[in-house]
Amino acid sequence: SAVISQKPSRDICQRGTSLTIQCQVDSQVTMMFWYRQQPGQSLTLIATANQGSEATYESGFVIDKFPISRPNLTFSTLTVSNMSPEDSSIYLCSVGGTAYSGANVLTFGAGSRLTVL
Amino acid sequence: KNEVEQSPQNLTAQEGEFITINCSYSVGISALHWLQQHPGGGIVSLFMLSSGKKKHGRLIATINIQEKHSSLHITASHPRDSAVYICAVGANTGNQFYFGTGTSLTVIP
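Same order as they appear, the protein sequences are chains A and B. According to our numbering, the first sequence is numbered sequentially starting from 41. According to our numbering, the second sequence is numbered sequentially starting from 33.
One chain only, chain A, in its complex shape (with noise of 0.2 Å):
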């Protein structure tokens, strides 16, 4: 299955600020997927990351807040802007569906647990 590279694992920031958070996978994949745990929820998509055109947002979330690159078949970055302490989070990146190896994976990076002060 493939392997994920996430990064920073953790980090404290001020409000107002912004955060860029990478993942690099190992294997070429269709889709990658943002997600956000919120503490003591499940896991909620941001966006999915489709590399040669935007990302697709799903409702209560948007470009503007959180911005995301997918420049290539393996790597993808969110951006979380001007942040507040709602936004305080376990932020996952995912590969999931089929690869162009046919398999159908579901697999996460681990984790960045953001905190906004």
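Hints were generated in silico from the structure; no laboratory data involved. Just so you know, these numbers come straight off a predicted model, no measurement behind them. Cβ coordinates follow ideal geometry from the N, Cα and C atoms, glycine included. Any given hint could turn out to be false.
[Stated by the list, open to error] Which residues of chain A face chain B? A partial, calculated answer using Cβ under 10 Å:
#, residue
1, T88
2, G92
3, S152
4, T155
Got chain A; can you put chain B on it based on the hints?
What follows is chain B alone, placed relative to chain A:
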């Protein structure tokens, strides 16, 4: 309505007990995944199932496609099994995944 329902939400067991976590879903699926999340936040895929049963060490996962139900069993539970277990289903249309709210398991020595 949640597409994936898990039970129980919280579970405390004595070391050595047999544990069962249940997952029911309402969408057509291509595969069902059991995930494990430790306190640090990282998520590991334990099983991917599309039919029948899989076993890995002390963990067993089963799925009944007709009943849209899956179970995760842990035999001879150990404190290191303490984690949140999440059921996730991949929809058979598109690439959408749906997640249960997780079962928080604590195994006491």
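Structure-based check of each hint:
1. Residue-level restraint check for T88 (chain A) holds (minimum Cβ-Cβ distance to chain B is 7 Å; threshold 10 Å).
2. Interface hint status for G92 (chain A): violated, as the beta-carbon distance to the closest one in chain B is roughly 16 Å, over 10 Å.
3. Evaluation of the S152 (chain A) hint against chain B yields a held restraint, the C-beta minimum of about 8 Å falling below 10 Å.
4. For T155 (chain A), the suggested interface contact is broken, since its CB lies about 12 Å from the closest CB of chain B, more than 10 Å.
Taken one by one, the earlier hints fail for this structure at numbers 2, 4, listed in ascending order.
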